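Residues per chain, in single letters:
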Amino acid sequence: KAGVTQTPRYLIKTRGQQVTLSCSPISGHRSVSWYQQTPGQGLQFLFEYFSETQRNKGNFPGRFSGRQFSNSRSEMNVSTLELGDSALYLCASSLWEGFPSPLHFGNGTRLTVT
Amino acid sequence: DQQVKQNSPSLSVQEGRISILNCDYTNSMFDYFLWYKKYPAEGPTFLISISSIKDKNEDGRFTVFLNKSAKHLSLHIVPSQPGDSAVYFCAARETSGSRLTFGEGTQLTVNP
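Chains as they are written, first to last, in our numbering: chain A, 1 to 114; chain B, 1001 to 1112.
So here's chain A without its partners, still in its complex pose:
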């Protein structure tokens, strides 16, 4: 079974631009979550989607948004990029929302803002 797939793997953007990251979950997984990893803050929760609905949101500004499609694929968007948005963005999927099943992560998108 294919794992979580994130595209692109690497991205370089300029301050003020916007970016869209894509995630395809493991087949059959309906819950998709996004996390940001930075050296200073560690792994921080961004948001979680289940059945195309945002179920949970972390403490990030409104510039960070996401959505989920009917096939469970998800995208996240960051507008008006800032230097501090440089990070590894990780997508994770799980089998069943509310059931104690582990998250399975993709390899991430490394975003560099210059």
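Think of the hints as simulated: they come from the structure by calculation, not from any bench.
Computed from a predicted model, the values in this text were never measured in an experiment.
Taking lysine-lysine and the DSBU-like style, the derived pairs with C-alpha atoms no more than 35 Å apart in a straight line are:
#1 K13/A with K1037/B
#2 K13/A with K1005/B
#3 K57/A with K1038/B
#4 K1056/B with K1038/B
#5 K1071/B with K57/A
#6 K57/A with K1068/B
With the hints as your guide, set chain B onto chain A.
Using the frame of chain A, we list chain B on its own:
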């Protein structure tokens, strides 16, 4: 407020010996705990989990222990292998949610 803490940034052990990684938490609402391993340039890989109704879960060389009264969990790796060298994160989930709160990670180095 760091609700999940891994107080040891690094740990070095000899191949074949036991590796013990520790994690403390403060939130009493956490009921599901997980350990992940992460190599550079890759996403975290799920290792093992434990529900709060248990105090031990074992999977091959990996055993996780949960002490709810002390709000402490640990991951034991026996025997340790050089391929286990990676950053290990513990994570916790609240009863009513699906978001994971992660610790800062511990860099494990297993020396041949």
